[in-house]
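Protein chains: 2
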Amino acid sequence: MSSTTTTPKSTTLTNLIGYLGSFLTCITFVPQVWQSWQTKSVGDLNIGMISIVITSTLVWLWYGVRIKSGPVILANIIVCLLGCVLMYFKLTFRT
Amino acid sequence: MSSTTTTPKSTTLTNLIGYLGSFLTCITFVPQVWQSWQTKSVGDLNIGMISIVITSTLVWLWYGVRIKSGPVILANIIVCLLGCVLMYFKLTFRT
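Protein sequence lines correspond, in order, to chains A and B. No gaps in the numbering here: position 75 of the first sequence is 59 in this note's numbering, and each next residue is one more. No gaps in the numbering here: position 58 of the second sequence is 42 in this note's numbering, and each next residue is one more.
No lab work stands behind these hints, which were simulated from the structure alone. If you're wondering where the values come from, they're calculated on a predicted model, not measured in any experiment. It is possible that part of the hints are untrue.
Identical chains share a label here; the pair holds if one copy fits it or two copies do between them.
[As the list claims (entries may be wrong)] As a list, the in silico SDA-like pairs of lysine to any residue whose alpha-carbon atoms are at most 25 Å apart:
#, residue 1, residue 2
1, Lys74, Gln19
2, Lys(-7), Leu4
3, Lys52, Ile38
4, Lys24, Cys64
5, Lys24, Arg78
6, Lys(-7), Cys64
7, Lys52, Cys10
8, Lys(-7), Thr39
Kindly generate the complete structure, drawing on both the sequences and the hints.
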């Protein structure tokens, strides 16, 4: 009975893995924002990538609101804001 | 009876929004990989960001396998591969 794959213990582990993934996704662009702010150099950053980050997080945000998922909403607000900061840098730090 | 928020129609829309989000997430790094390949210049790309992209997608992949979610697995394999390409560029195109 303790060898099934849906024991509370494995469910807890699955959730922990999900929360770890969410946390890492949230901080993905933190070092990039930090470097871009320090160097004021963003020429190698593709504006298409930044645009898709912002667009995709807005779509995920919409999805998160519809399925009423707090973690999805929170994670995508954070990543969207970091994407907006990168876009601001991209449009401001003209090289 | 047609004004509830869980009609098949709104569920379909929610799923479509989710698929759109997945698609956009999958292609996020495509324009960045293309630009980096064309310019051979990756100095402004932060290696920490690329590392977190690879790590987070591996964690999400693990999560996807555990919850047996095809879309989560597929999307994260694609983003992980693009992250690995960016890491290869970052380590190869020394400026």
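These are the hints, each one checked on the structure:
1. In this assembly of identical chains, lysine 74 and glutamine 19 lie within 25 Å of each other by CA distance both inside one copy and across copies; the values are 13 Å within and 15 Å between.
2. When the C-alpha separation of lysine -7 and leucine 4 is checked against a cutoff of 25 Å, the pair qualifies only within one copy, where the shortest distance is 17 Å, while the shortest distance between copies is 33 Å.
3. Taking the shortest alpha-carbon separations for lysine 52 and isoleucine 38, only the intra-copy value of 20 Å comes in at or below 25 Å, while the best inter-copy value is 28 Å.
4. In this homomeric assembly, lysine 24 and cysteine 64 come within 25 Å of each other (Cα to Cα) only inside a single copy, at 20 Å, whereas the closest approach across copies is 28 Å.
5. In the homo-oligomer, the alpha carbons of lysine 24 and arginine 78 lie at most 25 Å apart both inside one protomer (9 Å) and across protomers (19 Å), since each shortest distance falls under that limit.
6. In the homo-oligomer, the alpha carbons of lysine -7 and cysteine 64 never lie at most 25 Å apart, since the shortest distance is 33 Å inside one protomer and 28 Å across protomers.
7. Taking identical chains as interchangeable, the C-alpha atoms of lysine 52 and cysteine 10 lie at most 25 Å apart whether they share a chain (19 Å) or sit on different chains (23 Å).
8. Taking the shortest Cα distances, lysine -7 and threonine 39 sit within 25 Å of each other only across copies (24 Å), while inside one copy they are farther apart (37 Å).
Against the hints set out earlier in the document, a violation occurs for number 6 only.
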